[in-house]
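2 protein chains.
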Amino acid sequence: MRILISGFGTVGQGFAEVMILRKDFFKERYGEEVTIVCAMDSSSYVSDQSGLSPNELLKRKLETGKVGTQGYQDPVKVMDSVEYDLLIEVSPTDIKTGGAGLKNIRHALESGKDVITVNKGPLALKFCELIAIARKNNCKFRFEGSVGGAMPIINLCRESLVGENIYSIRGILNGTCNFILSKMDNGQSFEQALKEAQQMGYAEADPANDIEGYDSACKVVILANSIFKRNVSFSDVSITGITSITSEAISLAASHNMVIRLIGEMSGDKLEVAPRLVPKGHPLSITGTLNAAQVVTDLAGPITISGKGAGRTETASAILSDLVSIMDDRKERGGKCQNL
Amino acid sequence: MRILISGFGTVGQGFAEVMILRKDFFKERYGEEVTIVCAMDSSSYVSDQSGLSPNELLKRKLETGKVGTQGYQDPVKVMDSVEYDLLIEVSPTDIKTGGAGLKNIRHALESGKDVITVNKGPLALKFCELIAIARKNNCKFRFEGSVGGAMPIINLCRESLVGENIYSIRGILNGTCNFILSKMDNGQSFEQALKEAQQMGYAEADPANDIEGYDSACKVVILANSIFKRNVSFSDVSITGITSITSEAISLAASHNMVIRLIGEMSGDKLEVAPRLVPKGHPLSITGTLNAAQVVTDLAGPITISGKGAGRTETASAILSDLVSIMDDRKERGGKCQNL
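From first to last, the protein sequence lines are chains A and B. Take the first sequence: its position 129, counted from the start at 1, is 128 in numbering that gives the first Met the number 0, and no numbers get skipped. Take the second sequence: its position 62, counted from the start at 1, is 61 in numbering that gives the first Met the number 0, and no numbers get skipped.
Just so you know, the hints here were simulated from the structure itself, not pulled from any lab data. Ideal placement from N, C-alpha and C gives every residue a C-beta, glycine not left out. Heads up, some of the hints might be wrong.
Quick list of simulated restraints, FRET-style, between CB atoms [stated by the list, open to error]: (1) B:A248 / A:A253: 46 to 56 Å; (2) B:K26 / A:D328: 39 to 49 Å; (3) B:E62 / A:G30: 54 to 64 Å; (4) A:L20 / B:D205: 42 to 52 Å.
Residues on chain A that point at chain B, a partial pick, calculated with CB under 7 Å [as the list claims (entries may be wrong)]: (5) A149; (6) S159; (7) G162; (8) P282; (9) L298; (10) A299; (11) K307; (12) E313; (13) S320; (14) V323; (15) M326.
Make the full structure from the sequences, and use the hints.
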């Protein structure tokens, strides 16, 4: 299994670390090595068909700020110059155009390569187009880490709950908002809580993407398209963020033994992000930066999963789970890959 | 796929209902029908190689109290008189001897049949023996519903978290205890809460199995053996129930923003059921009859899953998920089955 990584920020570096940690795992499970044959960041690349050392990639990035040894103009030309089986696309999210990630994913799928991504931009904007290209070219296209980081919501629905009819999913899909709302439960004002989130590195200097609900909306789109087989994009989501939640509203909720949480909900006909009242002790009343998603099914009832919604190793672990799933499938089908 | 059901109480009947609901699902997914060729309860059986109607089984059980039309002396002789592929063992749990369930499972595996069970007795007493028989005879042996009802904790660990190193699992594994402790959070005494649990049908007239922690301990054994590959049984678990938890202890916990929950915990070297302090807002601080389990992993961090721990359809849904998993595997391997 030969991997091309595009993007070598936090998640890309986390994945390189996971490759080091799981070297023996792949050998034992599949009797073959997983090698990185090319790594690209926004301005440089490096490739070697005999395999690059993840340690060296990490070291060079740390020391020079670049993963590669050479510059490039066109990422597509770099991709075409390498023989690889699977693209791991972890370049920065661009929710307006899809950015380089969209181009890279499209090109890899059109070239018959499997793709794993955690990049929400291409998924929220062009999900159905990308799935169609993957189908046409008989490629696998996986994106577990794009929703909820380490929380395996997509694989849970696809694997463990495969016999269920899923009515809806509602979840806490943005850890920054949940951190802010948890702090407000403890008496902080919205402004204080946001400032603390920024100091902790959970929220960015411009926090709009989180607190206005845009990030949650991207994840709603991804789940709606992948789990409910809908054909929707970002602009279809009804979005209300958390910026107008007052301390008084939090107190009033608390007096009824409730908390306020930013909930993304999707079903066959719903597509919404909005603050909701959640009873204390409910699986979606969790505090801190965790993500959680409740899947409402016909037989099993509501099943809730939670986990760390972000983080270098946590998001890389979701890529690992997609990689294992693709490699399991190749093994079972005698090397032939099957589409999504 | 020809199924023999042994046990036709709540869960057996729930499974028959699921067979009716999922008739088309199986046809579409596998191009073959799943038929029940024999159903047994404690005193009667009925068999038909061309398939029994689940509706008729349910009707007869309701009207006569018996699933079958004939009596029997020896269940093994009934099993040997039928051609079947898979045993679904859902007879009553006997935690002292394993009861009829243990004999039935052993005999089916020795005859080369796949087995799905939710019967905790055989699993808590003879797990490793049964796994060894399954391996030797190249049979699949699944038991998702034995821990946490609808909550897919075993399949989560085996499928979505397969690339993770799992350090420990701790969970709320008994919904009755969680109901009682939740009621105590709201100011009820232990006695009041237990009485209400009995009135609601959550606790039995003799509630020892739940409130002394024995039921949780069975599930700890099953998870320890199946997820951590240990070789332990019921008597190895350190068990403390909830009978000595006072309202004062609950209040003291609440004053520190904590709740008390009965937690089962297992790891490579731990095997324990005991009341624990859990911070409010933690994924294991949930209220009511839900079950929850937190899997602590090296890369993904803590992943928590929760769901209904009991119930006719909910437990049957876990059997369905095992059945789908076995049938998927048969399909992928061209009809050949692979052991656990």
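Results for each hint:
Taking 46 to 56 Å as the suggested C-beta distance range, the pair A248 of chain B and A253 of chain A does not conform, at roughly 24 Å. Evaluation of the 39 to 49 Å hint for K26 of chain B and D328 of chain A yields a failure: the beta carbon distance comes to about 24 Å. The hint said 54 to 64 Å for the Cβ distance between E62 of chain B and G30 of chain A, and at roughly 57 Å that hint holds. Range check, L20 of chain A to D205 of chain B: Cβ separation about 49 Å, and the 42 to 52 Å hint holds.
Interface restraint check for A149 of chain A: the shortest CB-CB distance to chain B comes to about 4 Å, inside 7 Å, so the restraint holds. Annotation: S159 of chain A was flagged as interfacial toward chain B, and the flag holds, the nearest CB pair being 4 Å apart, inside 7 Å. At about 4 Å, the closest approach between the beta carbon of G162 of chain A and any beta carbon in chain B falls short of 7 Å, and the interface hint on this residue holds. Annotation: interface hint on P282 of chain A holds; nearest CB of chain B at approximately 5 Å, less than 7 Å.
The closest approach between the C-beta of L298 of chain A and any C-beta of chain B is roughly 4 Å, which is under the 7 Å cut-off, so the hint is satisfied. Annotation: interface hint on A299 of chain A holds; nearest CB of chain B at approximately 4 Å, less than 7 Å. A hinted interface residue such as K307 of chain A counts as satisfied when its beta carbon comes closer than 7 Å to some beta carbon of chain B; here the least separation is about 5 Å, so the hint holds. Checking E313 of chain A against chain B: minimum C-beta separation of about 6 Å stays under 7 Å; hint holds.
For S320 of chain A, the suggested interface contact is upheld, since its CB lies about 6 Å from the closest CB of chain B, less than 7 Å. Given hint, V323 of chain A at the interface with chain B, holds; its Cβ is 5 Å from that chain's nearest Cβ, closer than 7 Å. Because the beta carbon of M326 of chain A sits about 10 Å from the nearest beta carbon in chain B, more than 7 Å, this interface hint is broken.
In the structure shown, a violation is registered for the earlier hints numbered 1, 2, 15, in ascending order.
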